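Participant: So you can see what is in the structure, the chains are spelled out below.
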Amino acid sequence: MSNMLLEAKEIHTYYGASHILHGIDFNIREGEGIALMGRNGMGKSTLIKSMLGLVRPRHGRVLVRGDDRSRARTWQIAQQGIAYVPEGRGIFKSLSVRENLLMSARAGVDGRREWTFDRVMETFPRLGERIGNGGWQLSGGEQQMLTIGRALMTNPDLLILDEATEGLAPLIAMEIWRIVKEIRKTGIATVIVDKNHGAVTSICDRAMILVKGQVVFDGSSDETRAQPELIQTHLGV
Amino acid sequence: MSYESLDIIHDEHRALAAMLSGLGTLVAGIEAGRLQPDFNLMASMIDYIEKVPEKVHHPKEDAFLFAKLRLRSKEALPIIEHLEEEHRQGDERIAALRTALETYRQNGIAGLAGFQAALKTYTAHEWQHMNMEERMIFPLAKAHLSAEDWAEIDAAFLANDNPWQGAAGEYAALFSRIVNIAPAPVGLGG
Numbered sequence: 000m001s002n003m004l005l006e007a008k009e010i011h012t013y014y015g016a017s018h019i020l021h022g023i024d025f026n027i028r029e030g031e032g033i034a035l036m037g038r039n040g041m042g043k044s045t046l047i048k049s050m051l052g053l054v055r056p057r058h059g060r061v062l063v064r065g066d067d068r069s070r071a072r073t074w075q076i077a078q079q080g081i082a083y084v085p086e087g088r089g090i091f092k093s094l095s096v097r098e099n100l101l102m103s104a105r106a107g108v109d110g111r112r113e114w115t116f117d118r119v120m121e122t123f124p125r126l127g128e129r130i131g132n133g134g135w136q137l138s139g140g141e142q143q144m145l146t147i148g149r150a151l152m153t154n155p156d157l158l159i160l161d162e163a164t165e166g167l168a169p170l171i172a173m174e175i176w177r178i179v180k181e182i183r184k185t186g187i188a189t190v191i192v193d194k195n196h197g198a199v200t201s202i203c204d205r206a207m208i209l210v211k212g213q214v215v216f217d218g219s220s221d222e223t224r225a226q227p228e229l230i231q232t233h234l235g236v
Numbered sequence: 000m001s002y003e004s005l006d007i008i009h010d011e012h013r014a015l016a017a018m019l020s021g022l023g024t025l026v027a028g029i030e031a032g033r034l035q036p037d038f039n040l041m042a043s044m045i046d047y048i049e050k051v052p053e054k055v056h057h058p059k060e061d062a063f064l065f066a067k068l069r070l071r072s073k074e075a076l077p078i079i080e081h082l083e084e085e086h087r088q089g090d091e092r093i094a095a096l097r098t099a100l101e102t103y104r105q106n107g108i109a110g111l112a113g114f115q116a117a118l119k120t121y122t123a124h125e126w127q128h129m130n131m132e133e134r135m136i137f138p139l140a141k142a143h144l145s146a147e148d149w150a151e152i153d154a155a156f157l158a159n160d161n162p163w164q165g166a167a168g169e170y171a172a173l174f175s176r177i178v179n180i181a182p183a184p185v186g187l188g189g
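Line by line, the protein sequences are chains U and V.
Quick note on numbering that gives the first Met the number 0: the first sequence kicks off at 0 and runs consecutively.
Quick note on numbering that gives the first Met the number 0: the second sequence kicks off at 0 and runs consecutively.
Only chain U is shown next, with the shape it has when bound in the complex (with noise of 0.2 Å):
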């Protein structure tokens, strides 16, 4: 498909003997949201390392606008207008909050600029105000703010959060779902991995959801929500 961003075709990724995603199909479109859910080790995070490059998976392609990029290296899918927010952050703690966010400023895959420092600054005014703060003064939801911010910065298609909220405050958390939410009406395609399915699901349009390394549910956001026995299921709450 010509609006297709990222696709997992049959996917088979292994830590050393562990089998972890067995054969897993995934894609996104521009603009799409996708929140992809799943109680802690079924393979969330693994599926999203394995499309990104960090982790090789044994068998299986990824594909980016159609190209197959299996092979590729993590900074060439990144270049393709993918940005990643890992879970955990992973901001420079040296670099002040200005020099975190410059040092990712490029044009997007078709040269758009539209995702500027001030864009980012009106988007997350408390980094304004935290702007000569090193990384390592920096507060966990500042952190993430930058991290999502310092993302934009690449002026992406396709934005990937893996627990965003992981280990914030809920007023925290609720501020960053505001703004995620904000950041969707632009257009950018979104792949969301979190616990919170309530946020999630009624930030993107589909749903997915992973029990032990495979796909046991894709459909939409509305019929995750009409089928709270699919959440008491396979998450559990």
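Check the hints yourself; a few may be wrong.
Within a straight-line C-alpha distance of at most 20 Å, the following computed SDA-like cross-link-like pairs (lysine to any residue) qualify [to be verified]:
| no. | chain 1 | residue 1 | chain 2 | residue 2 |
| --- | --- | --- | --- | --- |
| 1 | U | K184 | V | D6 |
| 2 | U | K184 | V | L157 |
| 3 | U | K180 | V | E3 |
| 4 | U | K180 | V | R13 |
| 5 | V | K54 | V | L19 |
| 6 | V | K50 | U | R177 |
| 7 | U | K180 | V | L173 |
| 8 | U | K180 | V | A158 |
| 9 | U | K180 | V | L157 |
| 10 | V | K141 | U | E222 |
| 11 | U | K184 | V | A171 |
Covered by chain U, according to a simulated footprint, are these stretches of chain V (three or more residues, beta-carbon under 8 Å) [as the list claims (entries may be wrong)]:
| no. | segment |
| --- | --- |
| 12 | 12 to 24 |
| 13 | 170 to 178 |
Cβ pair distances, simulated, as ranges [what the hints assert, rightly or not]:
| no. | chain 1 | residue 1 | chain 2 | residue 2 | range |
| --- | --- | --- | --- | --- | --- |
| 14 | V | E74 | U | D204 | 30 to 38 Å |
| 15 | U | A16 | V | A155 | 54 to 62 Å |
| 16 | V | G23 | U | R70 | 47 to 55 Å |
| 17 | V | R134 | U | G131 | 45 to 53 Å |
| 18 | V | G23 | U | R118 | 29 to 37 Å |
Derived by calculation from the structure, the hints in this document are not laboratory data.
These figures come from a predicted structure and were not determined experimentally.
Even glycine gets a Cβ: it sits at the ideal position worked out from N, Cα and C.
Assemble chain V onto chain U, guided by the hints.
Facilitator: This is chain V only, laid out in the frame that chain U set:
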């Protein structure tokens, strides 16, 4: 079938729950000596609770969802009447919380226990209220309302202010301000 109005109610419940949880954590931190009381912050949090759930959320439920469900389900009637009565008492309950905060501001540490108790009562009541809506009203609404009913209710909810924006982004701005000034571990301030 999509239930956009129920999704909005879920969203608003989450926002209220987060605010109440934040206020509770703040007060527990003050009691434990980890945090200093910031009366303006606590008053802002009560403002949010009053403006969003009491002035926007509850009237919307009464006027659209409950009004329609009343016509369709006899089983839902006593539950709706109970919830509507609780909505009517909303002003009184929030006023009790404000009074307890004001007493705490005037009396200092001697007023903390009273405010904490008032907050506990308010929070327990809100949890029970939200649970009743989500566990009893939502299933009945899904079972008894028609596609046309849902279209009307969803349209009315979508036309209404939401907790994230409000008129001219008023609520979103208030929420963000609270997150920015509340000290860790509640918010980003401090």
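Participant: Below or equal to 20 Å on CA atoms is what counts here, so check K50 of chain V against R177 of chain U.
Facilitator: This hinted pair holds, its Cα atoms lying about 18 Å apart.
Participant: Verify the proposed pairing of K180 of chain U with L173 of chain V, using a straight-line Cα cut of 20 Å.
Facilitator: 17 Å, holds
Participant: Holds or violated: K180 of chain U with R13 of chain V, Cα cutoff 20 Å?
Facilitator: Within the cut-off at roughly 15 Å; holds.
Participant: Assess, step by step, whether the Cα of K141 of chain V is no farther than 20 Å from the Cα of E222 of chain U, and give holds or violated.
Facilitator: 13 Å, holds
Participant: Next pair to validate is K184 of chain U with A171 of chain V; report whether the Cα-Cα distance is within 20 Å.
Facilitator: Satisfied, since the Cα-Cα distance of roughly 16 Å is no more than 20 Å.
Participant: A range of 47 to 55 Å was offered for this pair. Does it hold for the Cβ distance of G23 of chain V and R70 of chain U?
Facilitator: The hint (47 to 55 Å, Cβ to Cβ) holds, given that G23 of chain V and R70 of chain U are roughly 52 Å apart.
Participant: Given the hinted pair K180 of chain U and E3 of chain V, is their Cα-Cα distance within 20 Å?
Facilitator: Within the cut-off at roughly 16 Å; holds.
Participant: Between A16 of chain U and A155 of chain V, does the beta-carbon spacing fit 54 to 62 Å?
Facilitator: 57 Å, holds
Participant: For K184 of chain U and D6 of chain V, compute the direct alpha-carbon distance and say whether it is at most 20 Å.
Facilitator: 17 Å, holds
Participant: Can the restraint linking K180 of chain U and A158 of chain V be considered satisfied, given a maximum Cα separation of 20 Å?
Facilitator: 18 Å, holds
Participant: Take a quick look at whether K54 of chain V and L19 of chain V sit within 20 Å of each other, Cα to Cα.
Facilitator: Roughly 16 Å separates the two Cα atoms, so the pair holds.
Participant: Holds or violated: K180 of chain U and L157 of chain V, Cα atoms, limit 20 Å.
Facilitator: 16 Å, holds
In summary, this structure violates none of the numbered hints.
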